[in-house]
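*Asks:* Below are the chains, spelled out letter by letter.
Number of protein chains: 2
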Amino acid sequence: MKLEQIDTPAALIDIARMQKNIARMQGHMNTLGVAFRPHVKTTKCIDVVRAQIAAGARGITVSTLKEAEAFYAAGVDDILYAVSIAPSKLPRALALRRQGCNLKLVVDNPTAAAAIAAFGDQHGASFEVWIEVDTDGHRSGITPEHESLLDVGRILHENGMTVGGVMTHAGSSYELDTAEALAALAEQERAGCVRAAQRLREAGIACPEVSVGSTPTALAAAQLEGVTEVRAGVYVLFDLVMHNIGVCSLEDIALSVLATVIGHQADKGWAILDAGWMAMSRDRGTSNQAHDFGYGQPCLLNGTPLAGYVVSGANQEHGILSSADEGSRADSQDITQRFPIGMKLRILPNHACSTGAQFPEYHAVTPDGHSVQWMRFHGW
Amino acid sequence: MKLEQIDTPAALIDIARMQKNIARMQGHMNTLGVAFRPHVKTTKCIDVVRAQIAAGARGITVSTLKEAEAFYAAGVDDILYAVSIAPSKLPRALALRRQGCNLKLVVDNPTAAAAIAAFGDQHGASFEVWIEVDTDGHRSGITPEHESLLDVGRILHENGMTVGGVMTHAGSSYELDTAEALAALAEQERAGCVRAAQRLREAGIACPEVSVGSTPTALAAAQLEGVTEVRAGVYVLFDLVMHNIGVCSLEDIALSVLATVIGHQADKGWAILDAGWMAMSRDRGTSNQAHDFGYGQPCLLNGTPLAGYVVSGANQEHGILSSADEGSRADSQDITQRFPIGMKLRILPNHACSTGAQFPEYHAVTPDGHSVQWMRFHGW
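So the sequences go chain by chain: A and B. Under the UniProt record's numbering, the first residue of the first sequence carries the number 1, and numbering increases by one thereafter. Under the UniProt record's numbering, the first residue of the second sequence carries the number 1, and numbering increases by one thereafter.
None of these hints come from the bench; they were simulated from the model. Check the hints yourself; a few may be wrong.
Since the list can't tell identical chains apart, any single copy or any two copies may satisfy a pair.
[As the list claims (entries may be wrong)] Derived pair list, reagent style DSSO-like, types lysine-lysine, alpha-carbon separation capped at 27 Å:
| hint | residue 1 | residue 2 |
| --- | --- | --- |
| 1 | LYS2 | LYS344 |
| 2 | LYS344 | LYS66 |
| 3 | LYS20 | LYS2 |
| 4 | LYS20 | LYS89 |
Okay, chain A solo, but in the shape it has when bound (with noise of 0.2 Å):
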């Protein structure tokens, strides 16, 4: 199918720059001497996973077990499920052990493992687990040095488990704008892990794995001395939360969404699309950063962005483009020669991983302007 042709919204992957991407940071953790495990939650799409493993990765990460039960059926076993699993779901867990799958849980806290332990227990079952280190204080996981650490490893251990590794995840990388701080923020997300899994040696538990990664800590990383894997999700396509924190360009960003314009309220230099936020999703990831996106970047057909407008205001069905610019906007009543009724125009979306979400599937476009479904699953 041609671009013209797709009814809108939609969601556009552009193959040549997911490419791009992909090789990009394949390539970074080649030169740096791991594996490369990532992370699917951003694009739920064997398509685009089929890329990265063709590219290199070893295995994928998951958020939820649907992910990890829609890839093993499409034919990857290597599969770590980077949440700290609830008890209640250990039964989903064992029957995808059970299918061959090569699952690897992950806890950070001495109940979820005596409860993994038990079940294993009770179902003559060994779970690989992964323990989950807290190295930047920004969400889950046991802080290096914390007493907790090892008698997580020693419940899983004594009990029959397998301590498969350490995980970390620095994802207040998102708050920060300097090749500097994301700098030093991947050395601390290296050391922490590396710490942790020193501690738990140490004490005779064997974890080999050492698995950090958010995309910015993955680019900025100099050197990964101890560390066996990286994991990073929306690096394949990126969007303008990770353009602000300067890891991509505007050219770098491979989603974007297909919109037409419907109306216009001329008095108020606005033209009307009919992609709201139900198209871009509700995030706002650039509302605290130094350049705000409102609701995306307006591009044109061909990709080149609408400097100076911005999508600013979204209803479930509608959004609202006009000039970023909130005090010109009255002045801007040639928006309806500009922006005319049925032109078709490409939002360049906030967080990949959210507005992915809002569509069955993505629409991925040849360089030549042709289109191909990749379907894409949602729920849990």
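Given chain A's structure and the hints, the job is docking chain B onto it.
*Replies:* The following block gives chain B in isolation, referenced to the frame of chain A:
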């Protein structure tokens, strides 16, 4: 299935609350002597819509052609597509009408009206079109006294299309929070839409229907003289935004997200949930209201709100439950006792339309605690 057996996160609908909300709105419409056309964009779920129709609704409102197609296939034939149509969508609209669907389109500008007329002429088809009226300046539509109102009416009328009515949506009601202000806006919405119909009729265009509505103005309206029907969507489930506006209590909110405690950061007073923004949505609709509920209001499994706690932060699959009072979080080290690993909670959402869209299905819960799955669809 019993509530305790549902895997988390899950979207729950309390059927008793939903039926009460439906009866309240339909009863109010009956008292006012107007028809009621629910906006099904909130749930995109045929089971919910059947309950609305059973209570007396006449036809439905949709926000996408996919909704129109799905609900027509499920047996609903009186459908208002309440977004100004992009000319490129006319072939899908025509296909629906040729199948027998009584689909009504909406426009608010001469260009789109001319495109409908030209397309209808080209295909030997007559569309029923309603003209969108702007009664509060918040989004789309033509103001009642604007000259282009009659231009649009004449383009349609003189080219064989049927001007079925005028419609308006006072979406600025979401910014109010007093009964007086809502009643005043309901009257403004009514009067503006009735005036637009009067101008069209005086110009010789029949315009039989006068359609108004948003959940807050529908509930606040004291009289609707000249109006033939009302539209509203979120009233069926309600949410925290509607609570803050003052049109429902917490006990009326029929949608909640079932979540499990999966970790803690005791030093910070955090319990970590397996419901992040992928489950709650990124909607922060209460952030600009008098009571900011963060990403949601936690409740016990029986529905009792846990006063003083909110979901204060969210990543994709992690929610942070903490004291609503930021200053007292670090003193809440009893968080691990109060919210132990594995505990299940129900989180009331900011916005039922956006939270529901994150799930492929609802679990509809009966008063005795059993549930059945009600499917919903997404995409365009």
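*Asks:* To test your reading of the hints: which numbers does this structure violate?
*Replies:* 4
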